[in-house]
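Student: Using the sequences and the hints given, assemble the complete structure.
Per the working numbering, residue 1338 is the first one in the sequence shown, and the count goes up by one each step.
There may be inaccurate statements among the hints.
Heads up, simulated DSS-like pairs for lysine-lysine below, C-alpha to C-alpha not over 25 Å straight-line [stated by the list, open to error]: (1) 1359 with 1545; (2) 1359 with 1395; (3) 1472 with 1395; (4) 1495 with 1472.
Rather than coming from a laboratory, the hints here were simulated on the basis of the structure.
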Amino acid sequence: MSSLGFHTEGATAVLTLDNVSKLNALTTDMLDALEARLQEVERDTSIRALVLTGAGEKAFCCGADIGAWGGLSPAEFARHWVRDGHRIFDRLARIGKPTIAAINGHAFGGGLELASCCDLRLMTPRATLALPEAKVGIVPGWSGTQRLTRLISEAAVKEMALFGRRIGADRALALGYATEVTDDVLARALEITADLSGLSPRATEISKNMIHAAVGEDTHAVVEALGSAAIAASADREEGVAAFMEKRNPTFSGL
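Tutor: In structure tokens:
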């Protein structure tokens, strides 16, 4: 039985991929639940950060459950499975709050792509990374060839996707993919997010947006969001709304 666990630790939301018998492989129900939880976390001002981890000790997430997509037609696979997954993963990548992937075990395929959507990644010493899609005749579909290549070298991505090799935690740390290697990734993630209590939520959100614009993560939306935030604080915006509501011509001050 697959599910997505959710609880809070102080001001941190913890999402747990729970499909232990299949190494936390992602099902349609888990993806739907993830999308709903991300919306909830985004809108809840009492939540300052999000930590994503996996149940059990063997795996963070070993990709997508073949049973969920193996029987789909080519059109269904491309239009729904791949595109829906992209939409949900993009939402995680672009959520305005700091996120940490607590990689408690192996992260393969979609699991590696999911972890790549987070701001920081912590790995246990036994965890490994892989893009094994070619072994079942497919290719990475949830940004393993795109977002992941912005995080580590092209050669390292090719090593996994073209040659089927795994990357261990120490190598991931050397590549800059993992922030830390530690035995208890969840506890360490919660220590890191606890430090957010002394930081401005608005400042961290805008800083994240600016960094994303620099690396090409949803640049157009980021630019418009930052511009809209600036104009929303202006006297001209206040005057424009007031004039519209009062059915009169606005008198803009340029302030």
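Student: Look at each hint and say if it fits the structure.
Tutor: Against the structure, the hints come out as follows:
no.: 1; hint: 1359 with 1545; in the structure: violated, 34 Å
no.: 2; hint: 1359 with 1395; in the structure: holds, 10 Å
no.: 3; hint: 1472 with 1395; in the structure: holds, 21 Å
no.: 4; hint: 1495 with 1472; in the structure: holds, 14 Å
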